[in-house]
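Participant: Respectively, the protein sequence lines represent chains A and B.
Residue numbering for the first sequence follows the numbering used here, beginning at 1 and increasing consecutively.
Residue numbering for the second sequence follows the numbering used here, beginning at 1001 and increasing consecutively.
The hints are simulated quantities; they were obtained by calculation from the structure and are not laboratory data.
Quick reminder that beta carbons are idealized off the backbone N, C-alpha and C, glycines included.
Possibly wrong hints are sitting among the right ones.
[As the list claims (entries may be wrong)] Label-pair distances were calculated between CB atoms; the ranges are: (1) A:380 <-> B:1065: 48 to 58 Å; (2) A:407 <-> B:1076: 21 to 31 Å; (3) B:1029 <-> A:327: 53 to 63 Å; (4) B:1111 <-> A:373: 32 to 42 Å; (5) B:1053 <-> A:407: 28 to 38 Å; (6) B:1053 <-> A:297: 34 to 44 Å; (7) B:1121 <-> A:132: 37 to 47 Å; (8) B:1111 <-> A:384: 33 to 43 Å.
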Amino acid sequence: MSAAQTLVCLRTVGQENPASLETYLKLGGYAQLKRLVTEKVKATDIISQVKLSGLRGRGGAGFPTGLKWSFMPRYFDGTKYLVCNTDEGEPGTFKDRDIIRYNPHQLIEGMAIAAYTLGARVGYNYIHGEIWQDYEIFEAALEEARAAGYLGENLFGTGFSFDLYAVHGYGAYICGEETALIESIEGKKGQPRFKPPFPASYGVFGKPTNVNNTESYTSIPWIMEHGGQAFQELGVANSGGTKIFSVSGHVDKPGNYEVNMGIPFAELMALAGGVWKGRQLKAVIPGGPSTAVLPASAILGATMDYDGLSKAGSSLGAGSMIVMDETTCMVKTLKRLSYFFFEESCGQCTPCREGTGWLYRVIKRIVDGQGRLEDLDLLTDVSSNISGRTICALGDAAATPVLSFIKHFRPEFEYYIRHDRSMVEDGLAGRIQAQQEVAYA
Amino acid sequence: MLNVEIDGKQVEVEHGSTIIDAADQLGIAIPRFCYHKKLSVAANCRMCLVQVEKFNKPLPACATPVADGMKIFTRSKAAVEAQQSVMEFLLINHPLDCPICDQGGECDLQDIAVAYGAPASRYTEEKRVVLNKNIGPLVSTDMTRCIQCTRCVRFLKEIGGMMELGLINRGEHAEITAYVDKSVDSELSGNIIDLCPVGALTSKPFRYTARSWELIRRPSIAPHDGLGSHIEVHIKDGKVLRVLPREKETINECWLSDRDRFAYEGLNSPDRLKVPMVKHNGVWHETDWKTALELAAGQIKDIVNSESGDALGVLVSPNSTMEEAHLATRFAHGLGSDNVDYRLRHTDFRHDGKRLGVIWMGCNIPDVQEMDRILVIGSNLRNEHPLLAQRIRRAVANGAELSVVNPLDDDPLIPIRHKAICSPNDMVNVLSQILKAVSGLERLSLCLPKSLSELLEGVRVWDNSRDIALSLTGHGETVDLISPRSAVFLGNISQYHPRYTEIFSLAEAIASLSGATFGVLSAGANSVGANLVGAMPKAGGLNARAMLESPRKAYVLVNVEPELDCHNPTLARQAIKQAECVVALTAYKSEALEDADILLPITPFTETSGTFMSMEGRVQSFTAVTKPLGEARPGWKVLRVLGNLVGLSKFDFDSSEEIKNEIFGGEKPSAVVWRTLNNNLRELIDVEIKVRLDSDLQRVGEIPQFQSDAIVRRSPPLQKTRQVVKAVLAALHPEQMRKLGIKEGERILVRQGDGSAILDAYADIRVPLGCVRIPGALPSTAGLGDLLGEITIERIPATQPLDEAIA
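Please construct the entire structure, taking both the sequences and the accompanying hints into account.
Facilitator: This is the structure:
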């Protein structure tokens, strides 16, 4: 790992047996939980530290975590629940996987602190179905934590009890939507609920529930240890702390990089080894396919934080940065992305169910050489009609790539429609031919 | 109250109202598909998106609660754009097959598309195709037309009590389907046809018979149960083609049971009797009205003159109108006979003469939903009163506790708090226990009449009986009510019970001591009305049972198929056979009337005017919705002429209204009704608590819901349902089968009294030990006796010829 990283959530990476309790304890693990619980630190004090830290929801929406925690009803006659969302299912997202693979105990500690703060008795970590091995690692960590007295009844003899369970999904992207995830935990079909009511008042089994992303919970022990101010200072204004960027695509060293918020794009690219094969950068999807694509020109000067990417015309999302070099055909890329959203729509509400299929079919038709120029306006129009009119955010997620790809790369789409061929591949063919000619000469 | 403004109009709405509620209140039409006022909010169709001030996104009106001062725009550019875009999405995969779709002309999608749809589609890709599902003989599916609004799913789950349909798969692959290889068997299934906003679910019997705009719609009253549901009969060329619910919030809301909805097919049955018929030397001949009536009147008069009025027995169906029951009663009285009765399936009449008034359900139908505690004794609720069961289901969903005492452990699809499932013989015992527990709890045992105290002294109270008592009085495990609103209802199985009188008395006592409403859920559409007109013996005449046990020389049957409508088919057949003259006023030719002598074709409810009085005492008159078939005539007219021909005075009614006036003495019906309804008894009935004899094998006979009357029995779609297929078997507890050495599916010979029947045995854990469930009102069980009574069972060796086994 490069020196430019700041390891908060991936603290144990590089250690021997990183996922073990022993390793975590060696790094000071569970000390914060013990301190808060045994010293009976007031919930309001904890929440104000979280607010101070500037921690924002790492699942993609970026909602301030401290504020979310303050929505949980303080006095409630019944069980309150805590849910961790480890259902990252968008192409290019793989940060939460590494947290439960390398540092599961910090997540457990973070959740236990949240449970103590919010008065939750039971917690669930919902892990997506494709990472079975990592799910098993997390289950093993839970067993360790239970045996060591960090989970269960009457922790540290204080009367505070918290049971945490791992739940695995079966690979539905929609179950990453918090209310669909709750439905899935309840054993129902994963379909988003209409909000309001929000989970804080009507969550798992209809009870008050706090749902946060894995990375958000995992940041909590560090914040408790060093204080909210220190966490905030790791980052920049409006974007406190560190962020794990899952860098994939056309870079030399794809992988997870935990860096300070506000890191310039160029530095993050340098960490990931830069564009591979000495090629030119063409475009970047900075936060995962549900965030807008940015052409190289727009992102080169940007900083990687909520405001920085917003200024550049996209958003931070879950920090799933997909890098595309000059050989990428944007039409075919969009076809693949649209297929994903078409296939993963839950089908509950009309615009997304009908619209994602429409989008995919039109783009596929273009790729198949049957495109019409008016299709581009149609795609834009259909995307806009989905956006903002659905029960959950998946509708917007499906619309964003279409709108941004066509906005930034319209000529490439028009070329494809006119010539029934990819502009990039045409250019590429010419260059390869030229190279071959040089070689034979 | 909250003040909101919609499209510039102010409206005041209650807290918790949604935008769509407020708009509906103002009469502002917001297009919708998934929203239905009686179902939970799904907000999935997105058609009702509206613009709300201060929100940058359009919001679904159905799911957005209003806030004070909210400004809503349903026709603004943003709102209409959103609505139009949803409309476009809904249409891209919807087939353009309106010309061949049964929903055409009454289709929400079609109507709303006219207002919000574009003239041409921008969608040029392939359309989705979804395979159809076979969900039974009542509902036809065209699933490609489905817009996934999930109204049907939510109805079956929330109102029907069982999620028989569901939305499976994701995205565009999402489709509505039943369980694998299962049909939708809800007794309320037809309502999903009305709920479906497109042509995905349509009526199978009605399919392709007419376009909705060709139909004449006339209001009527459903004649198959005591609820008195409001219906709309749709007619083309004088023929009833379908029946739909007519909204009546206090009775059937916007629903209809399948029996009320699909029974109409029986009106067009080839069995319909079109001309009078007389039997001469054992051969039936068609004849004209004059001949038939004169013959009938002459024969009856001759018998009465040569013997006495007592030689005549008059049996009236509880589904006949008040007017018919009244004239039949007057006809009997006029000829000096007190032998008239409508309680055809009752067997215990000991409280005749001891009642203070007309027996009714004790409260109004909507009250059921408001109850906190309900005890139902001897009823297969879903069979008997599907829509009342639905009200109880909703009461329970809102926190009420339902307890049952029943000889069958049938699932009412309602969570039951406590139950006592016992053999019919034990019901009196169980009720005594509950009474004892109730009186003990209330510390009132000392106040009980001495006879009752003594009676209860020896009763040992079982745990579940005590639990039922505790629940009823609000002293159970959920003690959250100081004085619960509670009700005790007697169902059909209680009413047909050989110890109905004791069950009635004990239930009344339980209700009185626990402060509960007490009522009887009577079976027929006009049971209460027939009671009110006095269609039963007054001064020592014979009741329905006695009229068969001591056969009469002459019978007049009004709407009765003796083998199927009377308590004991064997006795009924014998009585009719031996009689010298049987005049049957009937809408149908029937094997059950083979032994009659004169058949007079009368019209069913669709072809006559008349009045039904429902079990809640509601007097509902209706008019004919179509012309009589063939020579058939309204029952009241036929009775009137018969009365004239035998020379009765004051029998000159020119309309059914005149008869109704006579019934109510010119008063307002409701005045008479409220003076008359009374479930209390004049004096105590002797109760004997017999301990069960384990050696007895008891028949538990109920009337299957699609066998309840002559019309229903002739409705082909209802007869094709799974309920009916299953109904003709003999069901025993598996343990009982093992004891008797009977295997599943084996043929058994059932003997009851002089009669017998051969039935297939099947195992059913819902039947208590010592009991065999054998339904009545079926040709296959018409060889047996009472619905409840002792039987014996013999195995039939596969090699033995059937004739030999029976002999």
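Participant: Does each hint fit the structure? Answer for all of them.
Facilitator: Status of each hint after checking the structure:
no. : hint                         : in the structure
1   : A:380 <-> B:1065: 48 to 58 Å : 34 Å, violated
2   : A:407 <-> B:1076: 21 to 31 Å : 27 Å, holds
3   : B:1029 <-> A:327: 53 to 63 Å : 55 Å, holds
4   : B:1111 <-> A:373: 32 to 42 Å : 36 Å, holds
5   : B:1053 <-> A:407: 28 to 38 Å : 30 Å, holds
6   : B:1053 <-> A:297: 34 to 44 Å : 39 Å, holds
7   : B:1121 <-> A:132: 37 to 47 Å : 44 Å, holds
8   : B:1111 <-> A:384: 33 to 43 Å : 27 Å, violated
Violated hints, listed in ascending order, are 1, 8; each of the other numbered hints is respected by the structure.
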